[in-house]
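Asks: Letter by letter, the chains look like this.
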Amino acid sequence: MAVGKEIRNQIKSIKNTQKITSAMEMVAASKMRKAQSAMQQGKPYATNIRNVVSHIANANPEYKNEYMVERPVKRVGFIVIATDRGLCGGLNINLFKAVVRTMKSWHDQGAAADICTIGAKGATFFNNYGGNVVAAVRNIGERPAVADVIGAVKVMLDSYLNEKIDRLYLVSNEFVNTMTQKPTVDQLLPLQPSDDKELQHHWDYIYEPAPKELLDGLLTRYIESLVYQAVVENNACEQAARMIAMKSATDNAGDIIKELQLVYNKARQAAITQELSEIVAGAAAV
Amino acid sequence: MAMTMHCDIASSEARIFSGRVESLVATGVMGDMGILPGHAALLTALVPGPVRLVTQAGEEQIYYVSGGYLEVQPGIVNILADTAIRADDMDEVQAEQAKREAEEAVLNRDAAFEYSRAATQLAEAAAQIRTIQQLRKKLGK
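Chains as they are written, first to last, in the numbering used here: chain R, 2 to 287; chain P, 104 to 244.
This is chain P alone, in the form it adopts within the complex (with noise of 0.2 Å):
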């Protein structure tokens, strides 16, 4: 059997993913990183994308987190979510709408929109598209 370690995700609005996993991908502020068991502990600032796991059943699983924190322990990963929702559900349209309408307003910046807060929003939408389609590839559609 192959090894596993035990993994929690948890925003502080509800809990999102509690088992154990064969191993966990997630995008940290200096890129993807993976993690397997037996990993040193660790302590990480996640930026919006998706994390992918592998659970004891071999089943992968990819979840859609907008920032947070990752802490590993031995034998235990934890990811802090700031707001995580199921991938599954996300609504790629909205997505690519939103990520229109943020990029329409870094074109036009002296519309008195924030220029810090367009490019949030265009990072997330980017990240959430990237969820749905590492999803899709899954799925094989």
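Bound conformation, chain R alone (with noise of 0.2 Å):
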């Protein structure tokens, strides 16, 4: 019956990207669980370092590291925490829309914005949109190590050193639960003062070395691991996202087949009934 064939068509064609969008769901929820693990793993180390670096902030007001101290902004920097892939619903959209609309804030205040960017997404973007980037690194995969954000960083802590920029903020998606992701935009620099009661007690560490040499390296392994936390945290909000997307394009596809199946039947009953009056006034006639 040449009836509905292009529906037909259609309707397999549809049915085909049902099968796809279905298999990536399944594929990124067992991904999610896995980035979700990564994320619990690294929080020890993240939770003692934090302790550890505002305990000397609170107990050594003598020395105070660069990285401390405020300066009046001229310039900030971003380091942007995007995915490698796309098909993750409006997770990078509104990331970037946080960070479009800090550096919007800065510039009416006169400071521009160096961006550090970590995913191909992002630097896609700022590429386009015309940020500055003075770092990327894609390709981070589902398992990422800290040696991937070193470099990243170091690049960024440097240009602050160097008073290139007074202000670093670390942009990325907060995994809130499985449904939602939200994107904050956090000071990374010159570090806040914790308001922590527990640690404003007065005893001190024994250094070893000086507590100069020992803050120094121990405040870029503080940023590095906050960073690499952040990427751990995109990852599980990434896989979280995709799956949501993937999800509700799947139950799209489901409804679309749905119209199309009524449409075609519709079409097809139209045509017998057609062909049956057109037999039957042939009968009469006779």
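Quick caveat, the hints were computed from the structure, so don't treat them as lab data. A virtual CB, placed ideally from N, CA and C, is assigned to each residue, including glycine. Watch out, some of these pointers could steer you wrong.
The list that follows gives simulated cross-link-like pairs (lysine to any residue, SDA-like), each with its CA atoms no further than 20 Å apart [claimed, not checked]:
1. R:K213 - P:M133
2. R:K6 - R:A272
3. R:K44 - P:A117
What the simulated footprint calls covered on chain R by chain P, stretch by stretch (three residues with Cβ under 8 Å from a Cβ of chain P suffice, anywhere in the stretch; the number is not a length) [what the hints assert, rightly or not]:
4. 92-99
5. 160-166
These two chains come separately, so use the hints to put the complex back together.
Replies: As structure tokens, then:
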């Protein structure tokens, strides 16, 4: 029957797309679980190093590292953590919007911005948008290592120390739950002293070697660990967002198939009815 | 019962050890140091080397740490390791080879190889070998 050949083809192609999206959904779900456990694995280190750093910052008021000194802001830096791949809903776009908003508010105060991107999507976006991308890291993959982010972080830390930038922000997605990922802009440098009451007591470490050398190294590690944690968390966000995006794509494909099926059935029924009435009319005429 | 303290060894990629220990020996920048319960608060940098600890059960365990920081608070020892892997899993042959390669690179310095990088590799390989030798001794091989 010639009726509805196009519609049948369309249904077939949508079914194929649906197969792909539902497979991607399942893959993302299993990767998300892995990414979440990686996120948990890094937690103890991050907590410990944060405690140590805020303790030194409180215990050693006579020594101030450059990272702790506030300067008038002439230029700001951003470390933007995006994904390497697309098809994850509005995850990256929401993040970039947050960056652009912060950049604009600094621009209004006369401060330009340098950007360091981690993840291919970030580099692509800011190259098109016209940001000043000073460093870019791509293809970190699903199991990021600290070594992957060290280079990018060092570029930004160096330009902070050389007073090329006076403030450094870390922009990444926060994993609230599977359904919700929240873009956040956190200030990395200068370090903000914690007002944790628990750490404000009066004891101090024995330092070996001198506090200055220790603190310099430790703060670099601290910032690297913050960035690494953000990369891992963003990875979990990516998988969650992709899972949700693919789930809704699969559902939408199902809806379209249903509608097309209805149209197809109606057309077929109409053709049959018409043929029947033609036959009946022909028989009556004889 | 022997006095114990809490010990955490973590790298930013994974938690390596967490539990109560009777004593701990790590390689600081100033040399090996032993930590016992009741140690004063201390903060120090670690160089690549083994971390030897005796758990509450009296069992000796050895971990390899390629640098990091060690923090002692009353009753708590934290090791913030740069990269830490189980010493048992380490391949001695690989360590030897890395050391040999690094040594060769030190000899032909004009071969466009960064001297400082080679020196670090050499130090790391030597530290890994030391860890393995300690493990061997412990296992009585």
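Asks: For each hint, tell me whether it holds in the structure or not.
Replies: Hints versus structure:
{"no.": "1", "hint": "R:K213 - P:M133", "result": "holds (16 Å)"}
{"no.": "2", "hint": "R:K6 - R:A272", "result": "holds (13 Å)"}
{"no.": "3", "hint": "R:K44 - P:A117", "result": "holds (8 Å)"}
{"no.": "4", "hint": "92-99", "result": "violated (count 0)"}
{"no.": "5", "hint": "160-166", "result": "violated (count 0)"}
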